[in-house]
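These protein sequences, in sequence, are chains A and B. Residues 1 to 289 (the working numbering) are what the first sequence spells out, left to right. Residues 1 to 91 (the working numbering) are what the second sequence spells out, left to right.
Calculated from the structure, these hints are not laboratory results. Everything numeric in this text was worked out from a predicted model, so none of it was measured. Check the hints yourself; a few may be wrong.
[As the list claims (entries may be wrong)] Under the rule of at most 25 Å between Cα atoms (straight-line distance), these lysine-lysine pairs were calculated in the BS3-like manner:
hint, chain 1, residue 1, chain 2, residue 2
1, A, K105, A, K121
2, A, K40, B, K63
3, B, K83, A, K40
4, A, K112, A, K40
5, A, K162, B, K83
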Amino acid sequence: MRRTMMFLPGNNPNMIMNGGILGADSIILDLEDAVAPDQKDAARELVKNALRTLDFQNCEIIVRINALDTPYWEEDLEEMIPLRPQVIMPTKVSGATYCKTLSEKMAQVEQKSGIPVGSTKIIPLLETALGIENAFEIALSTPRMAALYLGAEDLTADLRCKRTKEGGEILYARGRLVMAARAAGIDAYDTPFTDVEDLQGLERDAQLAKSLGYTGKAVISPRHVDIVNQVFSPTLLEIEHAKAVFAAIQAAKEQGKGAISLNGKMIDAPIVQRAQIVLDNAEAMGMEV
Amino acid sequence: MDIVKPAVAGTIESSDVMVQIFPGNGNIEIDLESSVDVYYRDTILSVIREVLDQSQVCSVKIKAIDRGALDCTIRARVATAIKRASQEVSA
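Chain A with its partners taken away, still in its complex shape (with noise of 0.2 Å):
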């Protein structure tokens, strides 16, 4: 169950020691945008040390590295994949050929270290044109492929249009990769909420994500965790409201009937589909189902 995906600065060992007990659901190490160039050594130094000796609880570990067109990312990767991060977040990913040249290096790591090869999942980081129009070949492109996941910054930057709260400018975007994502199988994560203070406009930004079936958001504040959760998590109304399809579906299986209603409505293959999402979800998150 991944709701929150949390940024920590790789070089701040202050936000890296807390990372385990802010309640996101992963954390996000990074080791790209949040270093300079001159402390990139710094960075990578810091967060395998923090792997090798902090306890993130059960937080998901997820190490963003430095972009393929960086002379960074293959020591990013020989450095981290050794301390068992369950996911790599590569970033401005364009294509698929672009996530197959990060996968056969990652298989070489791992080999090398005595990992299983393919068990480390790849989040990539679409924040381009071209990475959006080539969503579905990217979710395709390799079995590592966990989810993919929005980033709007750098879209917009792309885009030359100015990012706003309201988000109409990457609405084409959040649908396009969402559609990519479920096609392929895997789950999509939202942009973040950058105005830290603005809390109620977090929840609506978070609402329309989750309205147009994201999993989840990542975060860049510890204060918009609980937020974010809470929006993504089945609400007791959504789980009592599943609960009693399945009832339904027992009743009617119990009285030989063909067609199946609850409060007047058809119950269908979506809908059941949809109940049972639910209770899978509220199940993962150790909720009563």
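The hints should help you fit chain B onto chain A, whose structure is shown.
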């Protein structure tokens, strides 16, 4: 590993340690200033020495300004400073 030039790693932010490293005179000299000196001086010094030992550095001067860094942070900063200080300056 030979320390061939001065180098620095880390910051003086909370939970960090700034490690300055210089070529030595055949021995190990450590000057430590720490906000938790009273409680952890020996532990911090021992972590620094451990990293020097692992990197086989036996001639070095170190000045460390600690702001309550965890062991893993101290290890990382000392290791980074050693790597930076042992790289030859390209002509």
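_Run the distance test for K83(B) versus K40(A): straight-line Cα separation, threshold 25 Å._
Distance of about 13 Å is within 25 Å: holds.
*Taking only the CA atoms, is the gap from K112(A) to K40(A) under or equal to 25 Å?*
At roughly 23 Å apart (the allowed maximum being 25 Å), K40(A) and K112(A) satisfy the hint.
*Measure nothing beyond the straight line between the CA atoms of K40(A) and K63(B); if it is 25 Å or shorter, mark the hint as holding.*
It holds: about 22 Å lies between the C-alpha atoms, which stays within 25 Å.
*asked:* Would the hint linking K105(A) and K121(A) be met if the CA-CA limit is 25 Å?
replied: holds, 13 Å
*Going straight from one Cα to the other, do K162(A) and K83(B) come out at no more than 25 Å?*
Violated, at roughly 43 Å.
Consistency note: the structure conflicts with earlier hint 5 alone.
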